[in-house]
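Respectively, the protein sequence lines represent chains A and B. For the first sequence, the working numbering assigns the number 299 to the last residue and increments by one with no breaks. For the second sequence, the working numbering assigns the number 430 to the last residue and increments by one with no breaks.
Among these hints, one or two may not hold up.
[As the list claims (entries may be wrong)] Below 35 Å or equal to it, Euclidean Cα-Cα: the simulated DSBU-like pairs (lysine-lysine) are:
| id | chain 1 | residue 1 | chain 2 | residue 2 |
| --- | --- | --- | --- | --- |
| 1 | A | Lys160 | B | Lys66 |
| 2 | A | Lys34 | A | Lys217 |
| 3 | B | Lys230 | A | Lys39 |
| 4 | A | Lys217 | B | Lys218 |
| 5 | B | Lys230 | A | Lys241 |
| 6 | A | Lys165 | A | Lys191 |
| 7 | A | Lys290 | A | Lys256 |
| 8 | B | Lys334 | B | Lys359 |
| 9 | B | Lys194 | A | Lys191 |
| 10 | A | Lys261 | A | Lys87 |
| 11 | A | Lys87 | B | Lys59 |
| 12 | A | Lys160 | A | Lys87 |
| 13 | B | Lys258 | B | Lys230 |
| 14 | A | Lys62 | B | Lys334 |
| 15 | B | Lys230 | B | Lys248 |
| 16 | B | Lys258 | A | Lys39 |
| 17 | A | Lys87 | B | Lys66 |
| 18 | A | Lys34 | B | Lys218 |
| 19 | A | Lys241 | A | Lys271 |
| 20 | A | Lys39 | B | Lys66 |
| 21 | B | Lys59 | B | Lys194 |
| 22 | B | Lys66 | A | Lys239 |
| 23 | A | Lys62 | B | Lys194 |
| 24 | A | Lys34 | B | Lys66 |
| 25 | A | Lys87 | B | Lys258 |
| 26 | A | Lys197 | B | Lys59 |
| 27 | B | Lys366 | B | Lys258 |
| 28 | A | Lys191 | B | Lys218 |
| 29 | A | Lys87 | B | Lys248 |
| 30 | A | Lys271 | A | Lys261 |
| 31 | A | Lys165 | B | Lys66 |
| 32 | B | Lys66 | A | Lys197 |
| 33 | A | Lys39 | B | Lys218 |
| 34 | A | Lys191 | A | Lys239 |
| 35 | B | Lys194 | A | Lys197 |
[As the list claims (entries may be wrong)] Ranges of calculated distance between the beta carbons of each label pair, as one might list FRET restraints:
| id | chain 1 | residue 1 | chain 2 | residue 2 | range |
| --- | --- | --- | --- | --- | --- |
| 36 | A | Gly88 | B | His185 | 36 to 44 Å |
| 37 | A | Ile278 | B | Tyr239 | 43 to 51 Å |
| 38 | A | His170 | B | Pro125 | 32 to 40 Å |
| 39 | A | Arg18 | B | Thr408 | 48 to 56 Å |
Treat the hints as calculated values from the structure; they're not laboratory data. Each residue gets a CB set at the ideal place from its N, CA and C atoms; glycine is no exception.
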Amino acid sequence: MVNVMDLPEEEFIYPGTRACAGCGMALIYRIALKALGPKTIATVPASCLTVLHGMQGFCSTKISVYHTPFATTGASASGILASLEDKGLADEITVLAFAGDGGTTDIGIQALSGAVERGTNFIYACYDNEAYMNTGVQRSGSTPLGVRTTTTPEGKDVHKKNMPKILEAHGIPYVATANAAYPLDIFEKFKRATDIKGPKYFHILSPCPPGWGYEPKDTMIIGRLANETGFWPLYEVTKGKFELSKPSRRYLEPSKRKPIKEYLSAQKRFKSIDDKTIQIYEEYISNMWKEIRNRLDSQ
Amino acid sequence: MTISEESKPKIDENVMILTGNHAAAHAIRQARVGVVSAYPITPQSPVVEKIAEFISEGKLNARFVKVESEHSAMAVLCAASATGSRVATATSAHGLELMYEMLPWASGNRLPIVLNLATRSLGAPWSVWTDHQDFITIRDVGWIQFMCENNQEVYDTNIQAFKIAEDPRLFLPVVCGYDGYIISHTAQPVKLEKQELIDEFLPPLTHHINLSDISQIKGIDPVTTPHIVKRPEGTAPGYYEYRYSLQKSLENSIDIIKEVHDEFAERFGRSYGNGLLKTIKTDDADIFIFAMGSVASQSRIAINKLRSEGLKAGLISLKLFRPFPAEELRDFFKDKENIIVFDRDIGYGYEGVLSYELKASLYGLKNRPNIKGFIVGLGGRDVRTEHIISGVHKALNDFKKEIFTNKTEFLGLHLDELGDYDESTYFKGG
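Let the sequences and hints guide you as you build the complete structure.
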């Protein structure tokens, strides 16, 4: 386990980007780039990360980025890699695709599925702030049950899509979940991913102060609650082997988990949910962990 | 260089019997592309099947990204081109429409991508047969657009297309159109030039952007404001300046297209008019047919028949559709009297696209010619010589009576065979 002193001092994002105060994604991206280093080319679709990357003529990172239309992240990464192979540079340079939850679970799922099915040697990271935040908080396929967005004023009526499971079903060598509130875990996972050939998929929970309705100073607290309540377990599936990540291990034991209500009531987006929905959440979390327990037992 | 008719390939060891699709595939192979990405669609598929075969046989050292959609195919090529590789693809109809979002991305990013389009009509209802509807729908995205009449022209235009696209004064994507089935699946003799001669004509790509050079850190295509941004670190153009530059390059490309065409003609002995349009029997003509692709081919026969009737008919076969060679057309038609346009496409709600674009380009001529447009051959309906001839007669008759209208007339339509056709009720709901 790395500690904070092990993180490279070099920053790959210049200070003063256009990301919001308290942005989970900005932190995730910062740590991921520290792990991957300068020999990386990123491709980014329309998203909050486009905003972070800055305006024409000024690049806010120390790595090159190719901006690409919303639906194309997986294809764009495939194109960069194919060209690097053409030039004999594929072993030297990491191709990183970084997209939001809308760009991944909705409009980009086809291109992503195609890219991983082809065995593309790249890292795809979805930072999941659980709605279309850049366009003003509309619901996405990754928005959780009960969340109020500008297009679900009464709360979303279905659970979020289980994207890591969908990617796992593609039989790819590495799938990991992560959480902005656990940067060392993110760092370690990106480091591990660079040593694996083939498609690597990250699904990273990214708390969003304006979209979720909490104070920017509370991003770490909210992110930790998602883990501590059992709502967002951290794990890795490496060549089919499932492993719970350290920050989540203790929550295999149900009594260790904080009540989901603590997570939900800390955010304005869950304001309209009733007790019945909370009960549905309790069952949802309990079932998710039963599945994890079964998986661990059967390995 | 103005050669009014292309010379036919002479029989020699380099002449192969190839379909239009395979002629395109051979040109892509000889251009030594680095990355190909494509999705199957009729009638284009044999292009990329052949490319896959070349790669598997070691005849082409390229990466073929076999994507799950045409949208992804063009996205792959944009990214691969921006990473510095020479790239190509092929598609048709719905494939091109699915790519549409990526087409202005490619031109806005100034990526020298070459796309072969085996033309096909657009659904609904489903049709796999040719017309030029797919080709004309991309006229406003900033690509150079060629239309070819035969298989040799497909090969020659492809080779030229890479050189034009990659010209450092341009960096623009190019589409080479040719009629589905009529050209794509019909075998003709095609002379393939020696690889060393192609290499001399088409040196390796030197790109203006190259992500693979990681010493140059770039944010490519980020949000670009309406206004110029000035900061201590530098000045960035606004969207408006970028798009102005795209338009100016397209305008300038006309001279470069002629230049590349002439160089090709000089080296290989084959030419296609002036590279923009082909004039056939126009020297003594007073009636001019204006058409492209398969319709122009058919009109070659029609003008001979018209001449045997005593009418001095000539043909302008349009090779370059975008940028539209308006100045050359104005110059050619400035003292001409009668033009009849045959469109295998339609600007729905208006008229045939070649017809209205020609009319617009001749606006302001002192002695404007009479122009009448007809629609022919949508969805693969046969375009017959007698349709062209009847159109010419009808137009001349209208001109005599000074009837000028934008209302379309469809030649070769057989409503009479349907018996109960009624515009208020027919064909609704399929």
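Hints, one by one, checked against the model:
no., hint, verdict
1, A/Lys160 x B/Lys66, "holds, 31 Å"
2, A/Lys34 x A/Lys217, "holds, 23 Å"
3, B/Lys230 x A/Lys39, "holds, 30 Å"
4, A/Lys217 x B/Lys218, "holds, 32 Å"
5, B/Lys230 x A/Lys241, "violated, 53 Å"
6, A/Lys165 x A/Lys191, "holds, 22 Å"
7, A/Lys290 x A/Lys256, "holds, 15 Å"
8, B/Lys334 x B/Lys359, "holds, 12 Å"
9, B/Lys194 x A/Lys191, "violated, 49 Å"
10, A/Lys261 x A/Lys87, "violated, 54 Å"
11, A/Lys87 x B/Lys59, "holds, 18 Å"
12, A/Lys160 x A/Lys87, "violated, 41 Å"
13, B/Lys258 x B/Lys230, "violated, 39 Å"
14, A/Lys62 x B/Lys334, "violated, 57 Å"
15, B/Lys230 x B/Lys248, "holds, 24 Å"
16, B/Lys258 x A/Lys39, "violated, 42 Å"
17, A/Lys87 x B/Lys66, "holds, 19 Å"
18, A/Lys34 x B/Lys218, "holds, 18 Å"
19, A/Lys241 x A/Lys271, "violated, 38 Å"
20, A/Lys39 x B/Lys66, "holds, 26 Å"
21, B/Lys59 x B/Lys194, "holds, 14 Å"
22, B/Lys66 x A/Lys239, "holds, 24 Å"
23, A/Lys62 x B/Lys194, "violated, 45 Å"
24, A/Lys34 x B/Lys66, "holds, 32 Å"
25, A/Lys87 x B/Lys258, "holds, 32 Å"
26, A/Lys197 x B/Lys59, "holds, 28 Å"
27, B/Lys366 x B/Lys258, "holds, 27 Å"
28, A/Lys191 x B/Lys218, "holds, 24 Å"
29, A/Lys87 x B/Lys248, "holds, 32 Å"
30, A/Lys271 x A/Lys261, "holds, 11 Å"
31, A/Lys165 x B/Lys66, "holds, 24 Å"
32, B/Lys66 x A/Lys197, "holds, 19 Å"
33, A/Lys39 x B/Lys218, "holds, 13 Å"
34, A/Lys191 x A/Lys239, "holds, 16 Å"
35, B/Lys194 x A/Lys197, "violated, 40 Å"
36, A/Gly88 x B/His185: 36 to 44 Å, "holds, 37 Å"
37, A/Ile278 x B/Tyr239: 43 to 51 Å, "holds, 48 Å"
38, A/His170 x B/Pro125: 32 to 40 Å, "holds, 36 Å"
39, A/Arg18 x B/Thr408: 48 to 56 Å, "holds, 51 Å"
Of the numbered hints given earlier, the model fails hints 5, 9, 10, 12, 13, 14, 16, 19, 23 and 35; all others are met.
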